[in-house]
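Student: Chain by chain, the residues:
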Amino acid sequence: MRAELSCELGVERFAVFAEMAWLERRPELGLVCRAARAHEDRLTPAAVQSVLPGLGDAGARNVIDWCARLGLCDRGGGLTKLGFEVAETEEAPVPEQGVYELWCAEHPLLGRRVLAAERLASTRDARFEHVARLPLAPDRGVLFRSVVDPRQRFVLRDLPSNHGQVGCLRRDTRAACRLVWSLDFEAGHDAWQLGGKLESHDSAMRPLAHQPEVAGLDLWALADHWGAGPLAAFGRWQASGRRLAVAFAGLDDAEQQAFRKTFTLPQADVPGKGSYTNVVLKDVPIGPASDAEAQRWGMARLDRHLHARPAYRSRAEVRRLFAELTEGTPLERHAPTLPTHEALAQRYLQAKRRDLFWSVAAPVDLAPRGCSPEELAPLRIGAAEVAPATEERDVVRVPYRGDWSMRRVVERLLTGVAPRRVLLCDRHVRGPEDFASLRLYAQALRHFGSPALDVWTEPDDAAQVRQIETITGQRPRTYGEMFGRAGPHDRFFLVLPEAGPGFGWQMSNSPLDARADVPAPDIETPLRHRGLIAVRMAPEQLPQRLAQWITGGGR
Amino acid sequence: MKGTIQRIARERLERRDDACLPTAWFGDDGALAPEPATATVFRDHGGVTTVDHGAPVSILLTGEHPGALAELVAHAEAGARVYVLAPAGWGTDKLVAWIGHCPTVLIRRVPEVPVSAVLRAGAAKIWAGGRHGGAAPWCLRLDAAQADALRQIFLRLFWHDAVDEAWTGDKQLVFRPAAERPFDVPPVGNGACVRLVAAETRLDVVRGAVAHVSADAPPDAVPRRLWIAPSGDHHDRLAALRRGGAEIGWTALDLPDLALVADAGVALLPGARARLRVDLDAAQRADLERILAQPPTWRFDLDVRLGDRTQPGVRFRLPGAGAAVALEPEQKIEVGQVQAEQLRLVPQTTPASWPAPQPLALAVRYRWTVVPPRLPTGAEEDPLVGRWRKLDADWVATLARLRDALGDAENHRGRLRAAFSRLLSELLGFQQAHEKLRKQLDALATETPSAAGPKGAPTLLDRLTALADEVRKLQGDLDDAERKAREQQEREKQEAAWEARVKTAERELAARRAQLGELESRRPGLATELAAIAAEVARADKDAKSSAPPDSDRGPPRPGKAEANKRADKSQDRRARPNQHTDDSNADKTTESEKPHQDRRVRERRLSDELTKLDRDRERLKSEVVALARQAAEPFSFTPPTTLLARPAAGTGRFVPIDAPPRPANAIPEEALPEAGHLRRHRGQRFLVIDTWDLLAAGEAAASRLDARLVAPEQA
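The listed protein sequences derive, respectively, from chains A and B. According to the working numbering, the first sequence is numbered sequentially starting from 1. According to the working numbering, the second sequence is numbered sequentially starting from 1.
The shape of chain A in the complex, shown without the other chains (with noise of 0.2 Å):
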């Protein structure tokens, strides 16, 4: 979430007299400064005779005096911003007093600011009746930096006057200056700058270049104070999500994808900071307004998805991916529900959105080995699924947060076989989270004795492979190593036992599709699953390739 305020500032010219200090380089000072720093942040004597060996104290005080005199620090001797300052750059006020040139602006944000200023020689030709009354007084004692020349830094120390009546020589300016300010709620940080330009007295119009100054905002707050203002025309500011909650018609596909979405407050104050018209909010997060709203975003979103990647997909897939576009978005805690399979099938079909249709009702009518009605029936969002009452003797079925530990899983797919070597056949093996659970997978292994686990898997890139090597202690094999342009689609694991035959498992989903949720896990952690079913395969059911691992061949 982010957010840009930008005003006009009016921009004041006069030829005043002043008293100004400009800060040159003085390293005596800069070296008194750090020895301040060396003592506590304060200017005392024997800070002082630190670094001046033989001074006395009459003298350190002498110094300490001129130093508060410059405004380093205050008359106690605490080092102020503008000595710490002397510490780092050993660039030090220098005062003197004179006709200056001065450009000044004024708002809440950046104050009375001189933005400029340039030295003026003293001249008769002006007229008395010319002077006036000053527009604006700039702060004194602040340490600006000149828009034009950054490298011009200086401070007002006075303006002295007669009577305290501070006249000066107006001027006609063509000057133009814009404050900008731009806010990321999410990074937490803001940074105001001023645009434009700015003539000299004696040359043409020069461009500001004025360096990003921070403001410090506490922007949650600030966006607290909008949701409960202009914000909420556009939906409920949910300030303990941090999201806006809206409706969800009107939302646009992307930003349904993105559950973000960008206002324009016509109004906006930030307190304390002055009012903005016309506040472009960019990127607000946003979720459902309520459960139904939830479940309709929900379900645009899968059909975005199975429209974009046409493919069938198998009531697994379907469940799967359904977890995927909804868990760990705002629908979440809404807990959206996937239909039925009937129940979606005939959705689309009502819908004549036949490519949907048939790519969620082919895979379940002409699945190889069927769809059990758990598999068919709704899938809610965070609700642990139950898992069948009784075990088939060739399939696996891990449940849908079903806190099944990697312990278990593994268990269940060696089938109590001492395995002597095992392969997981896995085009998608990417990213911390699966080389986390990968981790996991060759634990549990290792804890039922295979020692090696081979990997057969599509990387994307070298770094990949090499993690996946450290994990497993085996070079990953590529798929178009492996199988050419005619890699499986499922993945599977295939046990190789120290005796008896080997055998296969084909799986809807990946065993490393599996979170802890924890920060240290183990095989015992329950694992936050999307659902898997494994049945299991004789090798000559397996892809030839396959089969040929069981009988020595790529290993």
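Heads up, some of the hints might be wrong.
As the list claims (entries may be wrong) - Straight-line C-alpha distance at most 27 Å; calculated DSSO-like pairs for lysine-lysine: (1) A:352 <-> B:503; (2) B:493 <-> B:503; (3) A:352 <-> B:94; (4) B:484 <-> B:473; (5) B:622 <-> B:503.
Unchecked claim - Listed next, with one range per pair, are the computed distances between beta-carbon atoms: (6) A:377 <-> B:122: 24 to 30 Å; (7) B:254 <-> A:384: 55 to 61 Å; (8) B:206 <-> A:498: 41 to 47 Å; (9) B:55 <-> A:387: 27 to 33 Å.
To be verified - Quick look at which bits of chain A chain B covers, simulated, 3 or more residues with Cβ under 8 Å: (10) 6-20; (11) 358-368; (12) 483-496; (13) 541-549.
FYI, nobody ran anything at the bench for these hints, they're computed from the structure. Only a predicted model underlies this, so the values are computations on that prediction, with no experimental measurement involved. Every residue, glycine too, gets a C-beta built ideally from N, C-alpha and C.
Start from chain A and add chain B according to the hints.
Tutor: Frame of chain A; chain B shown alone:
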């Protein structure tokens, strides 16, 4: 034989009822036996009895079985989800018209569908055979195990092998690339009762089985009864099976390959990429055995006698034959051309060997054409003919010249008769000789040396030589007679001219003499007168000279008589050239006193001229008198003319007798020309060419004599 020598067409007929075929298929497609009623295997005519409402239906379509299409349409219209597996390229507008409005049909196409089948919740069946326009296809009901295995095959093909897919419910079927499968379907194991096997797989037939082989080769084992499609292939193997006791037959039932024994049975369906193998259960085996027990329309047997299979409609398939063929009642075999060795053998010539007739010919009729021996191409005339022709040509030319000579002699005789009447008696004799020679010439013209042959030709030539001599003699006699007559005629002519010339000279001589005397008489007076006048002139000139200036101014001296003559000549010249006589003109301009002198001078000149002319005439007459006198006294003498013979008329060449034809020793060929035909030669071989059969005997004799081969013309 008569007529022109040509090629002769001949033929021969041979019956073959007893011919036997070592191996053969024979049968009649129209002799179909009624098929028995069965339960698990039956002809399906496309009707659908029940529809499963709500349950998905899987259908495999090979594209040609109406029963499967009917199942598709019925279930689609009932609203069931229908999954269709179709071959590549399947999908027509007709199909869209059937099921286009049904929204629940998903079609995926694969390179090949092994069988047409329907898989429903309660039943499964497959179709086999059946062709457009033929009998209905066979339908096989599957038991539960077979249905499960077939479903697994369907799923494997549907999810793994699909190339593209389409679904109904839209306006038209739009096939798009097949989407990714949802899972992997395990392949059907080798132990399944329905499975796909390699396309090269053959039916495994054991001894004593009942086998139905539709397209493969015969089995190795000897079955009890073998149904195999008749063809020209594998006859050796089939013969071995037949000898082993197998009953071999065929009826086009459109069944797949089958092998049935008591406790097992296999059906093997055709396929280009894979074949579907079905292990049959007991009921299916029993039904199929009943079907295969019916009498076949085709049988394969050994030693098939043609005469026993003459029923109408029966056809045969022989080893290597591509199609079934019926018996041929009579086969006509064109043997082609047969070359006869001799002309006389042409009617009896037959082919050296007889082509074998086709095995299914009940009779065979051979036809061939006998070609007589013919003159080879490029043959040339024999030199003997040329020599005889040259001799005959010389003979004819000589005869012609003799005839011309006789003609010229006759003309010559005619001219003599017209010119010299005194030669009449001699010319009569010439005429008689002429007639005699003409008759001899005509007699010789009827013969030729070539016709006379080597023996008669010399006599003819001698006769011709003698005739030429006589003609030459006749011509000489005529010339002599003419020469003599002309000489006599010239003499007479010259005598007449001499007499006339003498008489004329005598007459002229007298006249000349008279003229000469007259001139002689005139001359003296004239000469005197001239002398007188000349003297006067001379005096006058003298007088004039004396009265004239000195000599230098006087003129030339006065001439004498000769001078006077010269002056007379000059006066004549002046008359001739008037413009040039300046002196004379000056003289003419003399004074009147000089005129008489000038007259004398003119007279002098005139007299001088007359005298000169007279002298000249007198000399001429004297010479003429001498000549005439000599002519009158000239004697007669005969001068023979240089050419006594008259010139012949233009264009009629004078006959120049020539010699008789030369007769060198080898001029007359030693061999006579053939009595019949034309003698030719080719590459050193003589050929006697005759073109009609009636010259055959003469030709044979001549060919024998001339050591020539008797042949027909080249174009025969």
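Student: Each hint should be assessed against the structure and marked as holding or not.
Tutor: Hints and how they fare:
1. A:352 <-> B:503: violated (168 Å)
2. B:493 <-> B:503: holds (16 Å)
3. A:352 <-> B:94: holds (23 Å)
4. B:484 <-> B:473: holds (17 Å)
5. B:622 <-> B:503: Cα-Cα ~20 Å, so holds.
6. A:377 <-> B:122: 24 to 30 Å: holds (26 Å)
7. B:254 <-> A:384: 55 to 61 Å: Distance hint for residue 254 of chain B, residue 384 of chain A holds at roughly 59 Å.
8. B:206 <-> A:498: 41 to 47 Å: Taking Cβ atoms as reference, residue 206 of chain B and residue 498 of chain A lie about 43 Å apart, which means the hint holds.
9. B:55 <-> A:387: 27 to 33 Å: Cβ of residue 55 of chain B to Cβ of residue 387 of chain A: about 28 Å, so the range 27 to 33 Å holds.
10. 6-20: Violated, because only 0 residues of the stretch 6-20 of chain A bring their Cβ atoms closer than 8 Å to Cβ atoms of chain B.
11. 358-368: holds (count 9)
12. 483-496: Since three or more residues must qualify, the claim that chain B covers the stretch 483-496 of chain A holds, with 3 doing so at under 8 Å.
13. 541-549: holds (count 3)
Of the numbered hints stated above, those contradicted by the structure are hints 1 and 10, listed in ascending order.
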